[in-house]
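**Q** Given next are the chains, with one letter for each unit.
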Amino acid sequence: MLSIKNLQASVGDKAILKGINLEVKAGEVHAIMGPNGSGKSTLSNVLAGRENTTVTGGSVTYQGKDLLALAVEERAREGVFLAFQYPVEIPGVGNVYLLKAALNAQRKHRGLPELDAMDFLALVKDKMKLMEMNESMLYRAVNEGFSGGEKKRNEILQMVVLEPSLAILDETDSGLDIDALKVVSHGVNSLRSPERAMILVTHYQRLLDYIKPDFVHVLSDGRIQRSGGPELALELEREGYAWVGDAKNAGVVAP
Amino acid sequence: MNSITDTLEGLISLEYRHGFETSIEADEIPKGLSEDTVRLISARKNEPEFLLEWRLEAYRRWLKMTPPTWSSVHYPPIDYQDIIYYSAPKSQKDGPKSLDEVDPELLKTYEKLGIPLHERAILAGVAVDAVFDSVSVATTFKDKLAEVGIIFCSFSEAVQHHPELVKQYLGTVVPVQDNFYAALNSAVFSDGSFVYIPPGVRCPMELSTYFRINAKNTGQFERTLIIADRGASVSYLEGCTAPMRDENQLHAAVVELVALEDAKIKYSTVQNWYPGDKDGRGGIYNFVTKRGDCRGARSHISWTQVETGSAITWKYPSVILRGEESVGEFYSVALTNHRQQADTGTKMIHIGKNTRSTIVSKGISAGFGQQAYRGLVRMARSATGARNHTQCDSLLLGDRCQAHTFPYIEVKNNTATVEHEASTSRIGEDQLFFCRQRGLSAEDAVSMIVNGFCKEVFKELPMEFAVEAQKLLGVSLEGSVG
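Residue numbers (the UniProt record's numbering), protein chains in the order written: chain A, 1 to 255; chain B, 1 to 482.
One chain only, chain A, in its complex shape:
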């Protein structure tokens, strides 16, 4: 589904990604872990097409297409979803309105009929139950006045409504209490399927207790330093990231 080859990218003049290689197949869940400043969020942003990142080398192929050649909204319509680390607020724009506009933009792109208000409401209310969200949140402005936890739930709500093929979750667990983490994880798990792939970007092993990854990669200094199974996350939890530096010399272990 996703093939990242020797990807290099910078933010401003600073080189952040220095050659990322990653293969993600449909049905797989990959966790990318690493210390602050390792390039985790930059990787998410490059995949989504954020304009403040500049790709300086390498390639990304998604479902046979050159992902990097697509505009932000084209990637979204092709099924790439990014759950934001810091969801933005849009004053005056109703949550339900944004969600309906987004879903219909994507459906249109896929040649599906647009959903009318009634069908859409039925769908979104159903998904809100899954996320244990109050319906009143539909009519509030996007993320305005939402608590940290509500914002993250709202991100996942958007994900379960849009049903992406490739979901990238950028530190979705940060700022969540344990109950909210369970709800969010439940939402994410509900989307796991053989046709869908996920990339979880996280600092902590905690999230992986609830969403079991198939592969774990350790990112440091703009490169994937180690890859392995879920046990790698536990090792990290025990040892911290300090040892990753040593691992550099050990070479990259392919998944």
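Be aware that one or more of the hints could be misleading.
Quick list of simulated restraints, FRET-style, between CB atoms [said to hold, decoys possible]:
no.: 1; chain 1: A; residue 1: E51; chain 2: B; residue 2: D82; range: 27 to 35 Å
no.: 2; chain 1: B; residue 1: P67; chain 2: A; residue 2: D13; range: 47 to 55 Å
no.: 3; chain 1: B; residue 1: D79; chain 2: A; residue 2: D116; range: 43 to 51 Å
no.: 4; chain 1: A; residue 1: P113; chain 2: B; residue 2: R400; range: 37 to 45 Å
no.: 5; chain 1: B; residue 1: S423; chain 2: A; residue 2: A15; range: 32 to 40 Å
no.: 6; chain 1: B; residue 1: H389; chain 2: A; residue 2: K212; range: 50 to 58 Å
no.: 7; chain 1: A; residue 1: D116; chain 2: B; residue 2: R281; range: 41 to 49 Å
no.: 8; chain 1: B; residue 1: S425; chain 2: A; residue 2: N52; range: 13 to 21 Å
no.: 9; chain 1: A; residue 1: A71; chain 2: B; residue 2: Y80; range: 50 to 58 Å
no.: 10; chain 1: B; residue 1: G428; chain 2: A; residue 2: N36; range: 19 to 27 Å
no.: 11; chain 1: A; residue 1: E195; chain 2: B; residue 2: R400; range: 22 to 30 Å
no.: 12; chain 1: B; residue 1: S423; chain 2: A; residue 2: N134; range: 22 to 30 Å
no.: 13; chain 1: B; residue 1: R400; chain 2: A; residue 2: D116; range: 52 to 60 Å
No lab work stands behind these hints: they were computed from the structure.
Just so it is clear, CB atoms sit at the ideal spot from N, CA and C, and this is done for glycine as well.
Starting from the structure of chain A, add chain B where the hints point.
**A** Just chain B, lined up with the frame of chain A:
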């Protein structure tokens, strides 16, 4: 960031759709302004003596006045001798008796503007007075409104048929010497709309006036007077467009609203005068005095304006809160792009006890647009328990535009409450990225964000106008769900 700025600007600079010109024979008086011009206009309109005297008084006062310099707008001095003060479509000379007699060219013009004047074609529930250059060419639903005692006609007709009402109210809200442009208007005004709602009557439909400047070198000086008698209520809409021309044209209107006890007037404007081209050539100078007088207890006057046009806007729709517990409101969206300048805001003058006012101003500035919110809240010594809440928000698109806020607050009664909130923001790269990441095009994303920004004001507009306003800002309709 560049690409975002470009997208934003592309979006906000929708082409001016109303720039066409109607070729129609006009009855114009020669350029220039003198006492004779004033007499000539008055004679053309067959006005009673009192009105001529009133005009002449205004003219004499105007001669001694100077244009205001306190606002932040800049323009070369206007040559008042180079303007034609009266222009009317020739076929209108004797005034059409019914719509069938209106020049088909004129009907076509309004149809092209989306304002069909044939009653059967009109949106049900909206009565229209169409003002073309200096005269009112048609007023619809007049008879139906007359059944409940409502007078809705051109100002000229009101002068002929209801001179006592005109005499009683004209100039009582905006006196002739109020300001330079109001004095000029009082001297040379040619037409406009007149509305009188009798006691206890709720106007059964929206009343609207559609102003169109067509002739070259012509100034438009219209005068609107709306009176809501005790317990009456009315919602009034005003729309404006003009052809694209290289030279600037002056539009100096005066609008007076009078609300007696328990009366309610809601006045909405979608102002889309030609704004000039992107380098600032041409466009309308919109120097307008609008004021409402809450004369009776518990009366209510509400101004809602969406200002997207004009090269320069100088406009402060105000409310004098005289009656106890009267309410004044001002909701405004102003957009300046390219070289447009706007200095707009309101005045809320609290005189009566327990009067309340609300000001919500949303300014959007793009290109080299210059925008100032200028607002005065005055709590007189007598305004015990009065309250005001003001909220001014500015949204900047790009990095070459400017937004300023000048709130003036004068409080002489220590039981009065005045609140002022202000914010300035940019459409964030992060907001835009977020919306696009969900699959929306950049255009739709900007529309949505701008629309969200203006929502508090749009929701005050009557439905048809809200749609028009959103189209004007290039935004799609929000709220179609839920």
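**Q** All hints are to be evaluated individually against the structure, with a verdict given for each.
**A** Outcome of the hint check:
1. Against the hinted window of 27 to 35 Å, the Cβ-Cβ separation of E51 (chain A) and D82 (chain B) comes to about 50 Å, which falls outside the hint.
2. Between P67 (chain B) and D13 (chain A) the beta carbons are some 52 Å apart, a value that agrees with the proposed interval 47 to 55 Å.
3. Checked against the hint of 43 to 51 Å, the pair D79 (chain B) and D116 (chain A) fails, with Cβ atoms roughly 58 Å apart.
4. At about 43 Å, the CB distance of P113 (chain A) to R400 (chain B) agrees with the hint of 37 to 45 Å.
5. At roughly 37 Å, the beta carbons of S423 (chain B) and A15 (chain A) sit within the given window of 32 to 40 Å.
6. With their beta carbons about 53 Å apart, H389 (chain B) and K212 (chain A) fall inside the hinted range of 50 to 58 Å.
7. The supplied range of 41 to 49 Å is met by D116 (chain A) and R281 (chain B), whose beta-carbon atoms lie about 46 Å from each other.
8. Taken as a hint, the range 13 to 21 Å holds for the pair S425 (chain B) and N52 (chain A), whose Cβ atoms sit roughly 19 Å apart.
9. Checked against the hint of 50 to 58 Å, the C-beta distance between A71 (chain A) and Y80 (chain B) comes to roughly 53 Å, which is consistent with it.
10. Range check, G428 (chain B) to N36 (chain A): Cβ separation about 24 Å, and the 19 to 27 Å hint holds.
11. Range check, E195 (chain A) to R400 (chain B): Cβ separation about 48 Å, and the 22 to 30 Å hint is violated.
12. A hinted range of 22 to 30 Å for the beta carbons of S423 (chain B) and N134 (chain A) is consistent with their spacing of about 28 Å.
13. Between R400 (chain B) and D116 (chain A) the beta carbon distance is about 42 Å. The supplied range of 52 to 60 Å is therefore violated.
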